[in-house]
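Student: Can you build the whole structure from these sequences, using the hints too?
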Amino acid sequence: MRDAASSTPAAPAPIPAPAALALQRAAIVAAAFCFLVLASLAIRHVQSRQADPWKSPELLALKERLTTQPKDEALKEQIRHMDLELRQRYFQHQTFSRYGAWLLLGGAIVLVALSKRAVAAVAQPYLPPTAGALPGRSHDPARRTQWTLAFACAALILTGAALVLGSASLLPRSDAALERLLSRRAGGDEELPVPSPEVASQQWPRFLGPLGNSCSTNARLPERIDPATGDGIAWKTPILLPGFNSPLVWSNRVFLAGADATNRAVIAFDAESGALLWQRPAPPNPAAAANQVEVSEGTGYAASTMATDGLRVYAFFATGDLAAFRFDGTLAWSKHLGPLKNQYGHATSLITWQGRLILQLDQGQAEQGRSRLYAIDGATGRVVWERTRLVPESWATPLLVDTANRPQIVTLGGQWVIAYAANDGTEIWRADLLTGEIAPSPIVAGPLVLVVSPNDRLIALRPDGQGDVTKTHMAWYTDETAPDISSPASNGEFVFSVATFGMLTCIRLDDGKKVWEQDLGMEVHASPAIVGNELLLLGRKGAGIIAAAAAEYRERIRFDLGEAVDASPALAGGAVFLRTQQHLIRFGRPAGTSSPTP
Amino acid sequence: MHATRITFPGRFLAACATGALALAEQRFPPPDFESGYQIPITQTPPPRALALQYLDVVLLLVALALAWYFVYRRRSRRGVLWLSLASLLYFGFYREGCICAIGAPQNIALALADPTYAIPFTALAFFVLPLVFSLLMGRVFCAAVCPHGALQDVILIKPVKVPAWLEQGLSIVPYLFLGAGVAVATTGATFLLCRYDPIVPLFRMTGSWPLVAAALGTVALGLFVGRPYCRFLCPYGALLRLGSLVARWRVRITPDYCTQCRLCETSCPFGAIREPAPAAGPPTALDRDRRRLGWFLLGLPLLVFLTGWGGSHLGPPASRLHPTVALAERYLAPAETRPPVATPTPESLALDRANQDPKTLLTEARRIQQRFHRAGWGFGIWAGLVLGFKLISLTLRPMRTDFEPDRAACVACARCFLSCPNERVRLGLLPPDAIPAGNENPRSEAAPR
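Protein sequence lines correspond, in order, to chains A and B.
Those letters in the first sequence? Residues 13 to 610, by our numbering.
Those letters in the second sequence? Residues -12 to 436, by our numbering.
If you're looking for bench data, these hints aren't it; they were derived computationally from the structure.
If you're wondering where the values come from, they're calculated on a predicted model, not measured in any experiment.
Each hint can be trusted.
Capping the alpha-carbon separation at 25 Å, the derived lysine to aspartate or glutamate pairs in DMTMM-like fashion look like this:
1. B:K346 / A:D389
2. B:K346 / A:E191
3. B:K346 / A:D187
4. B:K346 / A:D436
5. B:K346 / A:D414
6. B:K346 / A:E439
Tutor: Here you go:
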């Protein structure tokens, strides 16, 4: 409003009391509206947290149940329905919140506007006190401020101290401490580095030897083997716990695992004398039900061959118990991964790589998704990585292959040959080549990886592919009497495989052509071993054959150990070690006589 | 506006300021498809078009210029208010509070600390322009351009006077907040000032529930305490305060000379008006102030060193703000029992990745922690300087002849103008002879009539 005499604006007219009262009442109504909207939003927010599709306990419980009942269609439908319902509820909450926010904004604008008008309506003009001295500059506010700052600083110091002292960082304080920490985690619990692959290549650290191919040019078989007289047998030590796993050899130690329905143990012998050094029980799973697992008579509770990295030995049993022991017999760590779902019992052996234990744990049906490939830190037992495998139960041992500086783990399971990067478990390639119950383990021979489709064919693959290599990376295959339990062996020129019913086949590595085959006349489970230029073949009932590993079959000797043999021999230190049903045997000269230098 | 006591407590309890309760930020997993459906790759929204970014800068410049015009040329509270509303709508609700000048110091700090970081032009402009204006003409940015200030200005209903000692004590908090934000920004961990801004959730109408609650609390406080965020928390305002101290132009309550009528002494809801100060106080007080000043000056280096040392120790706990360090700490923590649930969580997946390559993770985490250690030193030194200079300023005795706004604290909102009779004479609301003769302040800096 402007003054008629000038162009300047006039002061606003005062608001009458009834209008001021009306403004106040309207503001109260607006405030009540805002409060109601806010309360609704708050209640809805609390409700929405319970209907979180990510964390809904009911949905998660149903999904967990689905892993044990994968074929339950009604359960799947229930999960789908609940999932959809939760998502719909989530978006309903979002819409409600959005509209509620706009309502609240509108109500707040009205409230603030009415409140301001109402306050202006009752506001009285300010009149300063009567004329007098101006209030002098008071030091009080300044002094009070200083004390305020002092108290605030003290409070901040205490808070900071509590923060620093109460939340100490776990990170190392210096680069040297970081190096020690990394070394401890990568190397060993004794802060020692894991022995190099060159050192490991002189030992027998896993099933079928350091390279996953049962062949040793250093070992020698005796001229004569006669268990009755002891000829050709350096020592023979009884084993008190049964098992089908093969022996490990590292330096002057031989390791075995044994287990029955109630006991699981790792046993160490002296390689020179066969004397028992120690026998340690693997810690049982506290959950009693996990210890009760069904296994077949042909597999037992300790079918999986152990592995060692030179610092520790690792053992895995059919109950799902995994244990790591130092060479002096002390327990390093243990884990329990059971109960396992395997119709025959777990038999896949362990391997190691750069201080990590690689465990292939295939179980159940493929669609159940229970199969896993683990990389476990050898020093601590911490799982470094794990990969889910959509394959059914299997019994073949994985193979470590180093191709073009890319270490990979080749596994067999179901219809698939799958290779994973050793450092992080990323899948590199796979091939659809297998059929049946997978028990024979892959081996490496020259530039090729040989895999066995049981009772079907022997296949040679080039392991330098990427993705699905089914049609692109098969070098050759042969369907000449493929085994179904034992694994082949190769000396770089020929490949030798033995079928369970006793047919020994020699195949040329270059092209897969059969060179010869020979019916051995005995049932065979143990994998053949190439010792120098000879083949060592062992029958289930204890019969043994030594023949030439050459272009024609030439049998040198036969012998009978007198007890069942299912494990494969170990070749290290120039000697041959064999586990029978009840004994551990070293072939060669008796104790006290010198053995060939490696 | 005059400060009065609260007369509507019921309205305060029942009333709510602008705000929204949004659902907590959640990760939303896709359904478990069995039909082979290929889940499309998540798309990220494209950045704001370059032309629109330049438009933001142009609008900022125009708004600053208009603010100067309304405050200094027209001396119009109405103009400032309308400009505030326009800024609130555009920079606040439409642009959702980002890009804003408050967070821009962090962009500058990160650009200086990390040569690989390319600072956006808009961030640079939003940092520089209001500062330049403050060096010339005071806090015109706070007056009518900053959406945070505009919101608080608009919702103020019945201002309560904050005791001077409390106001002075809390006035160091913006500087400390600024120091913390800049220090953390140099490490590349996070933008603290943006992450813990209590007003942006109102503009976006979403946020985690603690921040939304803080926003509602700030607004509720702002109904009765004038501009609580600007006065006691705003880190950019701390920089503008420093610029305003040396501004070429400054806000004056009177357009002419101060009549010492004291009608304006309660007109500022933000406690920014200072009364005239005598030339000299009692001699005993002078000695006490001088002694105190001497001790503070002598003790300043020790204070700075101690706070710097203390700040360096805050580095390790603060480093957990960085996701790499947080993950490394989780990796090194005693092994947890794996939950029986088969569904992986983002945290468990991150831990799995850490397990694959701990060396890289731990080495990087240690490097980041060392960065935080250095940043902690910087923050501690800054805090020591802030505290020291504050204590020193409390011993100083500025001379004032008139009632005038504090250079640093005045946000140039133009509320005090109409309380001055000379202003009312200028506007024609009072006749020229309404001011009795002989009322001139002989020591006034303005020319007499």
